[in-house]
Structure formats: structure tokens, C-alpha cells
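Use these hints to put chain E onto chain W, whose structure you have.
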Amino acid sequence: MLKESILYESVGELAKRIETKQLSPVELTEAYLERSQKLGPQLNAYARLLPVEALDQARAAEKDIHRGHYRGPLHGIPYAAKDLLAVKGVQTTWGAKPFAEQVFDYHATVIEHLKNVGAVLLGKAAMIELAGGLGYMYASASLQGETRNPWDTGCWTCGSSSGSGAIVAAGLAGFAIGTETWGSIVCPSAFCGVSGFRPTYGRVSRHGAMALSYSLDKIGPMARSAEDCARIFAAIAGHDPLDRSTLPVDKAAFTYSPAGDLKRRGLRVGWLSNAWKEYEPGVSKAIQAAHKILPRHFVSVRDAALPEGPWEEAAGVVLQAEVASSFGELIRSGRVRELRDPLGRTGGYVDLTVTGGDYTTAQRVREILQKKMDALFETYDVLATAAQPVAATPLTTNLITGLAFPDPLGAIGNLCGLPALSVPCGFTEKNLPVGLQFIGRAGDDAAVLEAGQTFQRATQWHRKHPKLA
Amino acid sequence: MNKSTGQKIDRREFARKAALLSAAMVPAGLAFEGPAAAASKEQLPEGAEKLSAEGRVEAEARFQQIMSQYGSRFDSEEQKRVREGCYNLQGSLEKLRAFHLENGDAPALYLKPLVEREKKPLSAPAAGAAPAAAKKP
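Residue numbers (the working numbering), protein chains in the order written: chain W, 2 to 470; chain E, 10 to 146.
If you're looking for bench data, these hints aren't it; they were derived computationally from the structure.
Since the model is a prediction, treat every value here as computed from it, not as a measurement.
Treat the hints with caution; some may be incorrect.
Claimed, not checked - Okay, derived cross-link-like pairs now, DSBU-like style, lysine-lysine, Cα gap no bigger than 35 Å in a straight line: (1) W:Lys286 with W:Lys252; (2) W:Lys278 with E:Lys89; (3) W:Lys373 with E:Lys121; (4) W:Lys89 with E:Lys121; (5) W:Lys278 with W:Lys468.
Okay, chain W solo, but in the shape it has when bound (with noise of 0.2 Å):
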């Protein structure tokens, strides 16, 4: 039986040890598979466990490793999968009640990746329910019902990749792919304490992947550090002729050497100091304390302010737009009732009201914001500040009454297809993490990376892991 420990440890230390055959697929695989069913249920973080497939992928790593075919640092790894992302033969829910029983007979393209990087598929993990996109207003918004933070049971992971939180901080997988159409990678990641990356808006294909908002939705990872998302971002990034949003090849793809590090450059910080109203005391605490020590290891760090405008109203109107239509056919028939939240079941018929006209005023809105973004990117390489201005909340908390406060940088991030990564930084007096957030310029995935990386080899919060039962 594999040490808790080694359950904990980042892709690249357990990659050493399959590379060297310290560890075996099969070994690792099983010990997380036990782990999963021992506390996946009792934190709702998966959809559907895949043991039986999981075993076979993980002997055929190992027979290829024995064979000399080392694939690279994800060959033999095992990961969940949001329970959006199509898996041939297996059912996909969208954490819905009405798709229950949706199998698609083919792979989405980040599986099919993962796949052929030797990437060893565990499970599907939880999630809200069509990704919150017909809102909601209670963690139970999901066909596996809430899913439960590890550092407190009694508090939730935020959504919409709510499993995949969940299964990175408690340890039930080498990592997890979470999506993100606004707040969706970087709230969990915040809430659970693990490191998320939203990708640039196109680096990542979304065939197969459900479909919220044409232009917001992103795919990307969450595990145990800024390196392992750089890791498992090369794997997932890249052209697909069968995702027309993809970016062209060469701006596409990412590669990340471990002998090469991310391109170290030395990065210029703008630390925000207006993308949250007020934090919770805890969350400002943890704040500060990692303000204080980026000077330290980046080249500067100075005061930066988002610009002013009507940001959350055009994402909102270009959410509700896009979701009007892309679930407009489960609304329009009713079956949008058979959701479990109740603002789920209601707030698709707004949507259907927003007019083509309002539509196209907030994607010209978001065009000027580009610029007005890129411009800012000009004096600084990452942005940083709070990933949330609160820590994990309790399960039973209206999303709508106490846990609402303007997001303006989230409204951003996700307007302009902005890469992001939340790393852990602290924790509150409730012992609840605190993450740290970097956002980039579209397309400068890298900075982000290096500048989680940066801050994680002058820190050691994403070495905490939860106490579990």
C-alpha cells in the first residue's frame, strides 16, 4: 500500500518515480482508485469512477514503460476528468439530471490527448449542473448533489469544477481537467487550495466538451502545483481542425522542458488594486502577507488598476445570449425543470429574451475592452491579486445572497480570453486556503506559469494538504 504522501505528490515527482520504475502504473492507479471510493463519496467528487478501464490503462503504461516507451511526465498518471468532457462509451451527464444518460461514442479531444500521452483516466468528476450557466443558487446544484471541501466538509468547493477541486486537494487523483466560462477553474482552485490554470481562450480544443458559451468556455487543469499545470497544459494545448476556435498551430501549442524550466525572464507585476471590493478578514490577511514577499522574486511590483466600465453587464449579457442558445432547446421544452437548482429552472427563459442587438453591443463593448486590456499588458507581464475575496463558504450558503459581490476581473479574464492561475498562498483562521491569483496577456500563457512557478519555489502553501479521515 502507497504512502498518503506519495498520493500527494506533484506529476513531476510521481513521473520520476514511473520513469525509473520506482513506481508502478498499476500500483499508483490502485492506491488512488481505493483512496476514491473511500472519500469520493464521502465529498460528492465524482460523477462515475472508472475502475475497470482506469486498471487497463494503467497495465498498458506499464507494459510500455517496461518496454522501454516512456512517453513523458503524464505516462502512468492517473486524473478525473469534469463530467463534461466526452468519454467514448461512458455516460457524460454535464452534472445533469436531463442528460443523465448521455454516452457519446467518441473521445473529446483533451481525452484523446491525455490518452496518447499515456495519461491514466480515473473517473469523471462532479460537477454543477450544465456548469452553472442557467445559474444557481445553492452548492447542490449538481446531479451528484454538493460536493464537500476537503479542508472542511462543511463547506463547498465552489463550481462549476466542483469535483475536480475537490479530487486534487484531497488526493484522489494525480491531477483533474476542470472548464472554466467564468470563475469556474480559478474559484475551486481557490477554495480547495490547489493549483488551477485557465488557459489563453483558444489554446485549448473543446471538442467534446459541452458546450455553455461559445466565447468564453475554456478548458484547463487543476493539480498540485504551477508546474504540473504547465505540464499538463503542453499536453491538452494545441490546433484542432475539429474546434474552429482553436488558435492556429504555432500559437496554439506550448511546450514545457523540465530541463529548460519555463522561460525564465524575470516578470513585472501589476498588483491590483481594484479588482475586489473588500475581502474577508482571513483572505486579506493571506493577501497582504504574499504581496509583501513578490517583490522579492520578481523584477518589479507595482500598483495597477483594471480599467472602468460596463465589463460584468457585457460578459453577463454574452453569457445569457450564448447559453439561450446553446441550451435554448432544453428550455424552450421544459425540460430545464427536471435541473435540481431552482434558479437553474428559471433563469433559461431570461436568456431567451436577450435580443440580437443587445448582443452585439456587448461583443463591440468587449472588443474595446481588448484593447484596452492589451494596452495594459504593455507595462506589465502578470497581473496579481486575490483568485477571491472570501474562502470557502458552508454548503448551505445562498449563492445569491451571501455570495455575491462584483467581479470585475472575472468579467475580464473571461471577455478577453485571458489566461489565469490561482495558486494557494495561505490560509484563514479557519484554516480554509486562500488562493493567490496571476492573470496574462491572451496568448502569454508562460508569464502566468512562471509567475505561479516563481511564487511556489519562494512558498510551500500548495505542500498543505487536508487532514481526511
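Chain E in isolation, oriented as in the chain W frame:
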């Protein structure tokens, strides 16, 4: 040109017919009283007072449009929630529409013509192939 009759319909006539059609979609009682009158009978959702008078009328019309089409699906609590959603959306739209845009400010999304090369990719991504080497993004 109206394809079925071959008669021309000018824009004014089209607008008149559209208005009549939408009035016909509103339940009889509401059409008689008008959306604003119906709104005044109930407590307005929180934040409604921040909207302009026109915005309130538009939000209410939006709500009535949903009710005329799908009203039977909702209980009173759900109706309340839909109405709140309409007023919330209206608040966003008012701020968005107030943002100064020049006529030439184009939207962020552009058509990407489906050129022949993309319709027939030379080859599918090879299994096990490493991603193409990245230039500096």
C-alpha cells in the same frame, strides 16, 4: 417582398403587424391593462427603482413576454424569480447601452470563413504525436 402573396410590405406596415402580433400574445387581461399597469399591482423586484422608467417598462414587457409564452410552467415563487431575472438583466442592459460606442466600433467576434483547407484537413492529429513545437506565444 412577401413571398407568399407577392405583395410588398413596407417597414412601417411590418412594425404595425409585429406590434399587433405581440399584443395578441399577451394574455387578454394583461393586454387590456398594459404591462406597466400590471407591474404597479405587484411589488417591484429589488433594485427596480434604479432603472429608468423606460427600463422598467422594458423589463416588465420582457417578463410578460415570458409569461405569455411559458407562464403555465411557473408557480408564484418561480414567477417572482423570473421577474427578478428580467429586472436584473435590464439593469445590465441599461449600463451596457449607456457605454459610448462609435458606429465603427466593431464587435469582438468576426466571421472566420470556412476555407477549403480547413474543411478538408490534410491529416487528423496523429495518435501519440507530441504537440507541434511552440513559437513564443
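Hint by hint, here is what the structure shows:
Under the criterion of a C-alpha separation no larger than 35 Å, the hint pairing Lys286 (chain W) with Lys252 (chain W) is inconsistent with the structure, at around 38 Å. With a C-alpha separation of about 29 Å, the suggested pairing of Lys278 (chain W) with Lys89 (chain E) holds against the 35 Å cut-off. A threshold of 35 Å between alpha carbons decides the hint, and for Lys373 (chain W) with Lys121 (chain E) the separation of about 24 Å falls inside it, so the pair holds. Proximity of Lys89 (chain W) to Lys121 (chain E) is assessed by CA-CA distance (about 30 Å); at most 35 Å being required, the pair is judged to hold.
A distance of roughly 33 Å separates the Cα atoms of Lys278 (chain W) and Lys468 (chain W); the hinted pair therefore holds under the 35 Å criterion.
This entry does not satisfy hint 1, going by the numbered hints stated previously; all others are met.
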